[in-house]
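Asker: Sequence:
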Amino acid sequence: MEKEGSAGSMEDDEEEVLGLLDKVLEDEDWFESEMYLDCPFTPVELRTFKGDIEKGLEMKKLVLSGFLASEEIYINQLEALLLPMKPLKATATTSKPVLTVEQIDTIFFMIQDIFEIHKEFYDALSPHIQQWDEKVTVGHLFQKLASKLGVYKAFVDNYKLAVGMVEKCSQANIQFQKISENLKVKGPKESKDCTATATMEALLYKPIDRVTRSTLVLHDLLKHTPKDHPDFPLLQDALRISQNFLSSINEEIDPRRTAVTTPKGEARQLVKDGFLVEVSEGTRKLRHVFLFTDLLLCAKMKKTAVGRHQQYECKWYIPLADLSFQTLDESDSLPHVQTLAEHEIEEMKIKISSIKSEIQKEKKAQKGQSRNVDRLRKKMNEQESCLLLNSPTIPFRIHNKHGKSYLFLLSSDYERSEWRESIQKLQKKDLQACVLSSVELQVLTGSCFKLRTVHNIPVTSNKDDEESPGLYGFLHVIVHKATGFKESANLYCTLEVDSFGYFVSKAKTRVFRDTTEPQWNEEFEIELEGSQCLRILCYEKCYDKSKLNKDDNEIVDKIMGKGQVQVGQTKDNIRLL
Numbered sequence: 001m002e003k004e005g006s007a008g009s010m011e012d013d014e015e016e017v018l019g020l021l022d023k024v025l026e027d028e029d030w031f032e033s034e035m036y037l038d039c040p041f042t043p044v045e046l047r048t049f050k051g052d053i054e055k056g057l058e059m060k061k062l063v064l065s066g067f068l069a070s071e072e073i074y075i076n077q078l079e080a081l082l083l084p085m086k087p088l089k090a091t092a093t094t095s096k097p098v099l100t101v102e103q104i105d106t107i108f109f110m111i112q113d114i115f116e117i118h119k120e121f122y123d124a125l126s127p128h129i130q131q132w133d134e135k136v137t138v139g140h141l142f143q144k145l146a147s148k149l150g151v152y153k154a155f156v157d158n159y160k161l162a163v164g165m166v167e168k169c170s171q172a173n174i175q176f177q178k179i180s181e182n183l184k185v186k187g188p189k190e191s192k193d194c195t196a197t198a199t200m201e202a203l204l205y206k207p208i209d210r211v212t213r214s215t216l217v218l219h220d221l222l223k224h225t226p227k228d229h230p231d232f233p234l235l236q237d238a239l240r241i242s243q244n245f246l247s248s249i250n251e252e253i254d255p256r257r258t259a260v261t262t263p264k265g266e267a268r269q270l271v272k273d274g275f276l277v278e279v280s281e282g283t284r285k286l287r288h289v290f291l292f293t294d295l296l297l298c299a300k301m302k303k304t305a306v307g308r309h310q311q312y313e314c315k316w317y318i319p320l321a322d323l324s325f326q327t328l329d330e331s332d333s334l335p336h337v338q339t340l341a342e343h344e345i346e347e348m349k350i351k352i353s354s355i356k357s358e359i360q361k362e363k364k365a366q367k368g369q370s371r372n373v374d375r376l377r378k379k380m381n382e383q384e385s386c387l388l389l390n391s392p393t394i395p396f397r398i399h400n401k402h403g404k405s406y407l408f409l410l411s412s413d414y415e416r417s418e419w420r421e422s423i424q425k426l427q428k429k430d431l432q433a434c435v436l437s438s439v440e441l442q443v444l445t446g447s448c449f450k451l452r453t454v455h456n457i458p459v460t461s462n463k464d465d466e467e468s469p470g471l472y473g474f475l476h477v478i479v480h481k482a483t484g485f486k487e488s489a490n491l492y493c494t495l496e497v498d499s500f501g502y503f504v505s506k507a508k509t510r511v512f513r514d515t516t517e518p519q520w521n522e523e524f525e526i527e528l529e530g531s532q533c534l535r536i537l538c539y540e541k542c543y544d545k546s547k548l549n550k551d552d553n554e555i556v557d558k559i560m561g562k563g564q565v566q567v568g569q570t571k572d573n574i575r576l577l
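End of the sequence shown sits at 577 in full-length UniProt numbering; the numbers just go up one at a time, nothing left out.
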């Protein structure tokens, strides 16, 4: 209802509109759970049911049902994002605007269009699943959905501006800040009373995440659709369109790398992450380490209630401006780390191999449906995790200039070199030391779950059945020569392969002295134990007597180059970087 002509009626309008805005913040009886912010039944989880349900088209129906459930959640998220838009637009034309029309258009750009596309898709897909039979086709619906990706392209192009505008407006307007931090997201239809809260920034990220999820679902649908089914070519075409779209925007925006900003509003990007073994108070601890453009953060996974998202807890962080690598002399004061004897490590490997054999026997005998398989998998995971924790011996020491030092143990000098080089490359930039408040640190740590690129601890028990188990047996390797060195040096190479989730050094050439073109021409038989990758490292031999009395694990020799190749593709020359 619009009233014109008097100041009093204008004030009434303002009160009415501001009342609408207040309704967005009403009802605080929301449980603090994110269980409805992401689909609890993703295609990845579906794969674990392969042994319990019929394959083929029934599995396809299950994939579609899970995707439809997640589509409902996504639509509710978009609806929650759109809820404050109308009252905000109404206030924009009053004497007391919360946001300007331009700010509103920037923040909610294309959200209405995306909502309508997915609402139409959901309404069309739902009846097909409810009246399911083998002849049902849904590929045309996914084709149509993929054809609308141009709308997402426009959204992606505006994404940074939208997130930046939310942050800017939140700082300038307390009322908008309250709205943007407390959007209400409805739960699924069968859970009418369940509602969750979410931030505007989190919901703005959902469309970017959704394209990737939809592409993964298309992979799963194709996997469970016979090639002679009418749906197969349609799903293939939808997948092709989706993959081309993702490739086209990959260089323009990486959602993992733009989702976190510094207090100054600058982009804090995730450069590298992975699982490392930290020595803390003399005890080995498995940590997830995150290297951002301005700091290194060490976290551990917190135990959470069943059904809730996993969360990280920050153990410590170092601004890269304050980080240095300790020299051998400086690290003498660090505690000695106990290591398992070689025969104990071998005993673990034997146990793991034995359990693997038992699992294969159980699968054949019970067609993969035996409870014993789950029990054996759990037992193998425990053994592999213990091996992963106790096998690394190569020290990687870092130091905070304010006095605190930290020690990691790695299984490969290749990996240590990669971490060191990544950090040093970032330190060449004009970095300033940053100090995060407790709230800022909590936000950054909370974002790590979404930002991470390494999702699982690298043990074979975490792999899907379809993933390659690696190669077993012996690999014949000939190291001929190396070229491209600018100065003469004493050079040798080491060869290592992955085994039981970590890399093991398997061979070493002789030292070729005082040359720029070493020619070793040495042959090696390397044992493979579930191996997929061969690495080669070229070193300059150190003859400094002051360093030679250090622990052998220290590796005082200098890496001159390194490279890797998939096992089975080793006929070509390996380029050392």
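Just so you know, the hints here were simulated from the structure itself, not pulled from any lab data.
Where hints are given, some of them may not hold.
[What the hints assert, rightly or not] Restricting the straight-line Cα-Cα distance to at most 20 Å, the calculated cross-link-like pairs of lysine to aspartate or glutamate (EDC-like) are:
#1 425 <-> 294
#2 481 <-> 540
#3 429 <-> 418
[To be verified] Label pairs and their computed distance ranges (CB to CB):
#4 427 <-> 473: 41 to 47 Å
#5 540 <-> 181: 52 to 58 Å
#6 341 <-> 286: 19 to 25 Å
Given the structure is predicted, the values throughout are model-derived calculations rather than measurements.
Positions of the beta carbon are idealized from the N, C-alpha and C atoms, including for glycine.
Asker: Taking each numbered hint in turn, which are not upheld by the structure, reported in ascending numerical order?
Answerer: No hint contradicted; all consistent.
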